[in-house]
Amino acid sequence: MAVKMDPIHQFELKPLVSFGHIGNQEIAFTQSALYMFAAVGIIALITVVATARRSVVPGRMQSMAEIFYEFIGSTLRQSAGHGSERFMPLIFSLFMFVLVLNMLGMIPYAFAVTSHIIVTFALAFLVIGTVIVYGFMAHGTKFLKVFVPSGVPGWLLPMIVAIEIVSFISRPISLAVRLFANVLAGHIALKIFAGFVPALLAAGAWGAISPLPLALSVAVTALEFLVAGLQAYVFATLASIYLSDALHPGH
Amino acid sequence: MAQPAHSTATHEGFVATPAAEHGGGFPPFESHTFASQLIWLALAFGLLYYLMDKIALPRIQAILHDRAVRLSGDLDEAQRLKAEADAAGAAYEKSLSDAQAKAQAIALETRTALSQEAETKRKALEAELNARIAASEATLRTRTAEAMGNVRGIAGETASAIVERLTGRSPDEGALAKALDSVSFPH
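Protein chains in written order, with our numbering: chain A, 243 to 493; chain B, 1322 to 1508.
Derived from the structure by calculation, the hints contain no laboratory data. Be aware that one or more of the hints could be misleading.
Ranges of calculated distance between the beta carbons of each label pair, as one might list FRET restraints [to be verified]:
{"#": "1", "chain 1": "B", "residue 1": "Lys-1375", "chain 2": "A", "residue 2": "Leu-472", "range": "28 to 34 Å"}
{"#": "2", "chain 1": "A", "residue 1": "Pro-257", "chain 2": "B", "residue 2": "Gly-1394", "range": "54 to 60 Å"}
{"#": "3", "chain 1": "A", "residue 1": "Ile-402", "chain 2": "B", "residue 2": "Gln-1400", "range": "53 to 59 Å"}
{"#": "4", "chain 1": "A", "residue 1": "Gly-446", "chain 2": "B", "residue 2": "Phe-1347", "range": "31 to 37 Å"}
{"#": "5", "chain 1": "A", "residue 1": "Ile-402", "chain 2": "B", "residue 2": "Gln-1382", "range": "39 to 45 Å"}
{"#": "6", "chain 1": "A", "residue 1": "Gln-320", "chain 2": "B", "residue 2": "Ala-1412", "range": "47 to 53 Å"}
{"#": "7", "chain 1": "B", "residue 1": "Glu-1405", "chain 2": "A", "residue 2": "Val-375", "range": "52 to 58 Å"}
{"#": "8", "chain 1": "A", "residue 1": "Leu-472", "chain 2": "B", "residue 2": "Ile-1360", "range": "27 to 33 Å"}
{"#": "9", "chain 1": "B", "residue 1": "Leu-1359", "chain 2": "A", "residue 2": "Glu-406", "range": "27 to 33 Å"}
Backbone N, C-alpha and C fix where the C-beta goes; we use that ideal spot for every residue, glycine too.
Use the sequences and the hints to build the structure in full.
Here's what the structure looks like:
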């Protein structure tokens, strides 16, 4: 009983197969890795297996793949504009990966991969790394215009450039922390509210008010489903907006 | 007394987190798991990116493109067929009205021709009849004249026969001729 009450326990990584240590790092196939590959499998099921027949009149699964494709496509086009089609695989993969991992995490007793900051940081740095690498590859040193907004008076420029640099550096951090913190906080809140129910039931007369945290945990579950979808969308949208800097610096 | 004791223990278990359960640390910040997570993330996300980039997205794009092409193609085809049907309808209407006009023309022509023929025949017949009537009248006149020519002879003979019966002797030729001359005979 005590183990279930611990709201942090759910985030612990459990090695399924351990490959030993390198330095202080334990290299192991954990349940987190299993969920990642499960997510890849689910996404492949929707987008690869379900579209294999290439029906002109789509079935349910193919329809879902098409809806996701058009949704992400229009989000990317609106955020990053002309030439953004080349980033479609990246943004689509990011959105689907984060969405499916968040949703898998909502299954009771399941593990939320995106509750680990190293995962969200890696995805955020992938986005910012793409922005920097593509920006310099496509525009050379002109990419640095991204720090110099046009139409700013000369005396204000040093300050503006400093602010732009700080804002650029904070992007991967905010991208990573937003997703991580939302998922982590949501799962902790769920666990605590749900934990109140057996705790109150076990506390004699206090059991009379146990339906309150039960109702609350149902409401929080609904909220967390919303957050799971919304954070995937926010992640993909912000990534698209940052990529628009790589496509059109100096705007 | 057992019930309260059990309850207290559970309550304690919930509130006081046993540090030993997760190694005393906060799992997301346990840096000794980072390398492992990054490796599996790179493998899983790399695989996902490969699947999306090489298979899924080109396929979905092709499906959507095919559908758009097919829809617009079907619409164009429908438009074309409709135009064709309209043209065929117009052609039918035109040929129908042409045929009607032609039929009327033929009917008119035929009527005119027939009436002309009838007129010609009628005139010919009329002329023939007139000729016959004229011939008959001429014959009649001739016969009448002939008959009237004979009336004097007959009258003379009759008169001499009557006189002979009344008087017992033939009348004088000269007096008879004189009497006959005094009577006018129709010619």
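Checked hints:
1. Between Lys-1375(B) and Leu-472(A), the C-beta spacing of about 30 Å keeps the proposed range 28 to 34 Å intact.
2. Pro-257(A) and Gly-1394(B) have their C-beta atoms about 57 Å apart, which keeps the hinted 54 to 60 Å range intact.
3. Range check, Ile-402(A) to Gln-1400(B): Cβ separation about 56 Å, and the 53 to 59 Å hint holds.
4. A hinted range of 31 to 37 Å for the beta carbons of Gly-446(A) and Phe-1347(B) is consistent with their spacing of about 33 Å.
5. Separated by about 40 Å at the C-beta atoms, Ile-402(A) and Gln-1382(B) satisfy the suggested range of 39 to 45 Å.
6. For the hinted restraint 47 to 53 Å between Gln-320(A) and Ala-1412(B), the CB-CB distance of approximately 51 Å keeps it satisfied.
7. Separation of Glu-1405(B) from Val-375(A) is about 57 Å and conforms to the stated range, judged on CB atoms against 52 to 58 Å.
8. The hint said 27 to 33 Å for the Cβ distance between Leu-472(A) and Ile-1360(B), and at roughly 29 Å that hint holds.
9. With their beta carbons about 29 Å apart, Leu-1359(B) and Glu-406(A) fall inside the hinted range of 27 to 33 Å.
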